Amino acid sequence: MNKGELIEKIAGDAGISKKQAGAALDSFTEAVAKTLKKGDKVTLVGFGTFSVSKRAARTGRNPQTGATIKIKAKKVAKFKAGKELSSKI
1 MNKGELIEKI
11 AGDAGISKKQ
21 AGAALDSFTE
31 AVAKTLKKGD
41 KVTLVGFGTF
51 SVSKRAARTG
61 RNPQTGATIK
71 IKAKKVAKFK
81 AGKELSSKI
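Mapping of the sequence shown onto full-length UniProt numbering: residues 1 to 89, in sequence order.
These aren't lab readings, by the way, just hints derived from the structure by calculation.
Since the structure is predicted, the reported quantities are computational estimates derived from the model, not experimental observations.
Dumping the calculated DSS-like pairs for lysine-lysine here, alpha-carbon to alpha-carbon at most 30 Å:
#1 Lys-9 x Lys-80
#2 Lys-38 x Lys-19
#3 Lys-41 x Lys-72
#4 Lys-9 x Lys-88
#5 Lys-80 x Lys-34
#6 Lys-37 x Lys-80
#7 Lys-74 x Lys-54
#8 Lys-75 x Lys-3
#9 Lys-75 x Lys-54
#10 Lys-19 x Lys-41
#11 Lys-83 x Lys-34
#12 Lys-41 x Lys-88
#13 Lys-83 x Lys-3
#14 Lys-18 x Lys-41
#15 Lys-88 x Lys-3
#16 Lys-18 x Lys-34
#17 Lys-83 x Lys-37
#18 Lys-83 x Lys-54
#19 Lys-41 x Lys-9
#20 Lys-37 x Lys-19
#21 Lys-80 x Lys-70
#22 Lys-83 x Lys-9
When you get a sec, could you build the whole thing from the sequences and use the hints?
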């Protein structure tokens with residue numbers, strides 16, 4: 001399912017226009033991104049938790065040349081499914 005299909009589904013289930021559903025989805029994703037950028041986590045009971053994880057610097061290998069390269073440390077978004085969501089899958 002892509003973003004357009006998700007917007008269609010939300011609009012149909014909630015009985016709102018696609019434009020309103022798109023605005024709601026954009027607002028949700030923006031709120032999650034801002035919260036993660038601050039270093040906090042977002043917990044949706046029954047669905048899951050979005051959090052930030054630190055990935056340490058490491059050495060890698062260029063697959064074309066085989067040369068060793070340094071990969072910088074960075075923060076990555078992480079999602080852990082909640083118990084209710086996991087049981088539905």
